[in-house]
Each structure stands twice: as structure tokens, then as C-alpha cells.
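Participant: Okay, here's what each chain looks like letter by letter:
2 protein chains.
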Amino acid sequence: ARYVAQHYSELTFPYRRYHIGKVYRGERNQKGRFREFYQAAIDVIGNNNLSIINDAEIPSVIYSTFKDLGFDKFTIKINNRKILSGFFNSLGIKDVYIVLRVVDKLEKIGRDKVKEELLENGFSLSQIESILGFIGIEGSNKEIIEKLKALNIENELFTEGIDELSTVLEYLKLFGVPEDNFKLDLTIARGLDYYTGTVYETYLDDYPAIGSVCSGGRYDNLAEYYTNQKLPGVGISIGLTRLFYQLMEAGIIKTIDNSLTRVLVIPMDGYFDEGIELASKLRNEEIFTQVYLEKIKLGKKFNYADKLGIPFVIVIGEEEKNSGAYTLRDMKTGEQKSYNYKELVTRLNY
Amino acid sequence: ARYVAQHYSELTFPYRRYHIGKVYRGERNQKGRFREFYQAAIDVIGNNNLSIINDAEIPSVIYSTFKDLGFDKFTIKINNRKILSGFFNSLGIKDVYIVLRVVDKLEKIGRDKVKEELLENGFSLSQIESILGFIGIEGSNKEIIEKLKALNIENELFTEGIDELSTVLEYLKLFGVPEDNFKLDLTIARGLDYYTGTVYETYLDDYPAIGSVCSGGRYDNLAEYYTNQKLPGVGISIGLTRLFYQLMEAGIIKTIDNSLTRVLVIPMDGYFDEGIELASKLRNEEIFTQVYLEKIKLGKKFNYADKLGIPFVIVIGEEEKNSGAYTLRDMKTGEQKSYNYKELVTRLNY
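Sequence order for the protein chains is A and B. Per our numbering: the first sequence = residues 18 to 367. Per our numbering: the second sequence = residues 18 to 367.
Careful, some of the hints might be misleading.
Because identical chains share one entry, a pair is satisfied inside a single copy or across any pair of copies.
As the list claims (entries may be wrong) - Dumping the calculated DSSO-like pairs for lysine-lysine here, alpha-carbon to alpha-carbon at most 27 Å:
(1) Lys317 with Lys298
(2) Lys247 with Lys111
(3) Lys190 with Lys84
(4) Lys125 with Lys111
(5) Lys247 with Lys324
(6) Lys312 with Lys354
I should point out that these hints are in silico values taken from the structure, not numbers from a laboratory.
Construct the complete structure from the given sequences, taking the supplied hints into account.
Facilitator: Laid out in C-alpha cells, this is it:
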């Protein structure tokens, strides 16, 4: 929002941006939470107005992204803050944020604790019953919308929220997102953030413990900190560092420790020229080659290849110089075989 | 160096690293000099020892890199600080850095000014004549080495420097760098930096005014700030932001303002569903498609495509809905032509 406010006159609206880069947060350091991490984010920012259809396009991009990352079973949970605020207002609750904050903890602390906390915060039993009844509404997306409408609540914000959410759900299908991958969820509140309408949280179905791996929403007033322009936006982001950390912890993905280097050329004392010439020739064939240049025992040179996971080693000495034959050692199997240069290139390329 | 000192026990030496990322410098802000910029760097760091042959491999990587970037005419200028320090020591000069700092300005301020400055710094006329004579030594790489040897200077550092430089020049050829692309240059000093031996500066032959676009050298003692381990290294870096800025300024490269988006779908009022469905279908064909979702005059929607350089536009209205034919507008030529869906995909893929 700040960037857009600053560069307002140079931009073409609606302004669509994506960004993958490092971001910094003043979070408490804890397992899987980092203060410096990579984030991938997309946003659409309008000038004065921004169609609600953008709120459906954003999760459709997330859908394709997670598909491309190889995930099938994930759910983009969607809600609209206007529905929550409108409903709570209709109960006579002015400070909606207290309720949102408590409701946001529902999954963590359970229904009873939520009830308790709401009581402590001075809400009446009838208000609390209504709140719990409300966030307990379940069913298919269509059913939930029907049930919300059936509440017959006369509150402009509430009605607006239902309209927006219905539109988003409808267009999500048009954008090609299968119904399995998105779900209206009235408990999604996104805490005390700057979101004003649609809100998103994305969960991996088989790993609910990981929590939301991608979240965002509509922010209509964020730019007002920086400019008088009305620049409504909608966006979503993936905390890549945290996501990959958690996928690793859960054993879902693994790092591959392979070296980029295909072959290590080890010249014997006095045969550095021949070793480097061979390496240069192999590099010209696009074979990633390293030469071991330090003076150290031969065993330690093999050790080096081993530790870095370099799959092949060629030792260059008098024999190789004279015969033009190269002994290639497969570091995994220990197998050694002799090749002429042409065969060597073919073998290393296989 | 700090990273290697910190992670010493986890690393396999010689440790080879590359890095492309943002770096920050407390430089004075001026044209083409940035405090935040992208840098590409490579380093090899040894444990206790590091073969001088690495000093030749580093510029061979730079050679391939500049070749891959499309440059042919560039010169990696090479020198060795030990030769300079050794020679200045032999003249009875203890504070070599003052001389280095002045000599480093030779290209900028010229021979006479250098002489003047050296006088001001209290050097004797005979010392200054020797210095100027020394850095004036010219010829092929081989000739310069011969001339240096012919000076018959009895200084260990000087002799060591000549040996190292000769070795680097010899191995550069073995690493496949053509003689046109590297040149011994005794005026290369790299100011007051932490370099201890070989130093590099790379120039684009046709654009000397751009200055050095890639520089580095051998640093034998850098890690001593962080550890008791002796971790000698050699490295070189390209200031990417500055390089590309200067290549742009010089008109050597141009930014392409093209949009990634291939086609903008503009649905008329009441035809958003059809527009989005078409966009989703095109996206599934891997055609980068945007839908214009805001309510605004048609002319401004075309304007949007124009400003962003989106090459094609399709307007979706009643006609298109009923006929299944799509009118594609080529934004460059203004040409409009009607296609059925299959033809449309073919045309957009062409």
C-alpha cells in the first residue's frame, strides 16, 4: 500500500503486483516462526474502486500455485469480515474486535473456553449463545449462505457481506477452482488485522496441525495511512520459509543433498596442467567439473568428493597423461572403469 | 569470511560459494552508485592453505560469465599486491598504502598530478621517479614479467608476487581464457582494501568510462577478525545493479517494456461470467490472460491494455456470447479479426 501511494502517478490501475522476497517481522522467535523469511505475495490495488470479482481471482491464483507446487488436498477457507461485524453489531456489540479476537482462538482453545472468555469480557449469556450459534453454522457453501439469509438480520453491513461472499464463491467457480478446494468458514476472522471484507486462510487437508499456509484478504483503507487517495486492495501471501520448514519437519518434502558438480578431477603432484586442461575441456562440454587444487593426501581428496556428494572422480597422473585413458570412479558404487576422452564425455553426460 | 568462520566445523574445505543477492554499502549516494544493490559474487576459501591456482580459476569463471552475458570485448586486468608492496619496500617506503592510494588515481588524475601528490606526501624525487617508472612498465604479459625480473630487486615479497602472478597467468590459459581477455596491469592496486595478493579489475574494452565492472582478489587474512583459524580466500564480484544501470545509460542494453500478459479480456456490462470463463479457459491453455474487472468507460479499458503493453484485447458482449466467435484486436496494428475458440487459441499461441 505504501509503495502504491508513493508511486501513484506512475502506475496504471488496477495495479497488479507479485513479489517474492525477504520480509522482516518483529515476531517472537519460536520454532517455525522466523523474523527474516521469504514471502510470496500477490495484490491487486484499485484507484477509488476495486471490483469484488478480484476477491475471487486472488484465491484462484493460489489454487493454481498450490496445484503447481504439487498439492492436491488443500482448502482455501473464505469468510467476510462484514458478515461478522454486521452480525455482532446486530447483537448490540460495538467493540467487535474483542469478539473477533476470542472467536479466532476457537480452534485452539475450544468452545467452552471461548464461552468463558466472552463471559469474562462482559458479554451477556444471550449474546454469547447467539455468537456461538452463529459461528457454529455449518453446511455446504450454499447452505451456509441460505442459513445466514434465513437469520433475517436487518443490518446493512451484514447484508453487504453476504452479497460479497456469495459473489466471491460464485466467481471462484468461474475462475476454475473446484468446489473441493474452497470453503466458506464463519470462524475465519484474521484477528485484528487491517482487513475490511473478504478474508482467506489456506490449510493442507492432511496436515491441519501446520495451520494456515497462505492468508490474506481485502483491505479497503490501508493506503489512508500514506495518502488521501482511496486505494482499495486485495491480496494474499505465502510464508515460504515457514511453509517449507514445516513441510520438512512433517517429512512431506526432503532436501536433496546432491552436488551440482558432476565430476571432480584430482591431479596428482606434477600433473596439475593436465588436470586443469581436462577440466576446461569437460566444462566446454557443459559438464560441471571441479579440479582439486590443494596439496593434501589422496584419501582426503576422495573424502572431499564424498562429503559434497560429487558422483564421479577422475585421478590424473602419469598413466593418464601417457595413455590418454581416464579412470572414472563412481563414488556411490566404488566401481572404476577406463574410458578414452570421447567415451568419458558420453558416460558423464548419460 | 564471517560466514565461513562461524560455520567452520560444518563446511568442507576448500569451500566454494556463489551468491546473488542484495548487499548494502554506506556509500555516498551519487549517479550510478547505490547503497542497496544486487551483487553476484564467487569465492573459494581454504583451510590454512589455498592453492594459487584458485587465483586463476576465479577469473576463468568471470570470463565464462561475461561471455554468457553476451560480451566479447572485455579485459580482466590482473596484478599482485605483493609486487607493488615489495617494490615500494625496496625503495625504502614503509607506508605502502599512501603510494597505493595515489597510484590508484593514476587513470583519473594523470601522471603529473600523481607526481605532485607524491611530492606533497613527502616522497623524494628519486623515489617518485622510480615509482612512476615502475608503474609505467608496459608490454605483453610475458614482457612485463621479464622486465620485472630484470629489475633484479632483492625483496622476498616482490619475488613471491612475481612467482604468483606468473603462475596465475599461466594457469589462466590452461583454464581456457584467451589471451585477449586478460592483461597484467601494474597500476591495478585496489586501494586500501583487504587484499593481500592477486587483484582483479574487469573493463569493457569499448566502454572504458564505465570503469571496472567486476573486481576482487586474494584475501589471506580477512577471517582473522572473526576467528583464530587461518582461512585464506580469493573471490570476485559483479555489482549487477551498477553494471546494468551503466549499460542502460550507455544505450548498450534496453529494457523491454512488454507485458507478460498476452491478452486482455474485456467483458461488457452483464457479460462478466462469459469473460471470466473465457479467461479461465485460455489460462488452462497456458495463455497469459487478464480480465478487466472494473466498471469504467470502454475507451479507458483499451487504454489500460495500451499502457501495460498487452498485445491483444478481446471484448465480450452479447454477440460473442451468442455466436461463439471472438473479435481479437491487435493493439499494435489496430487490426480486428474474428476467430472461433480453436482459431483464437492458435492465434494467441502463434
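Participant: Are any of the numbered hints broken by this structure? If so, which, sorted upward?
Facilitator: none
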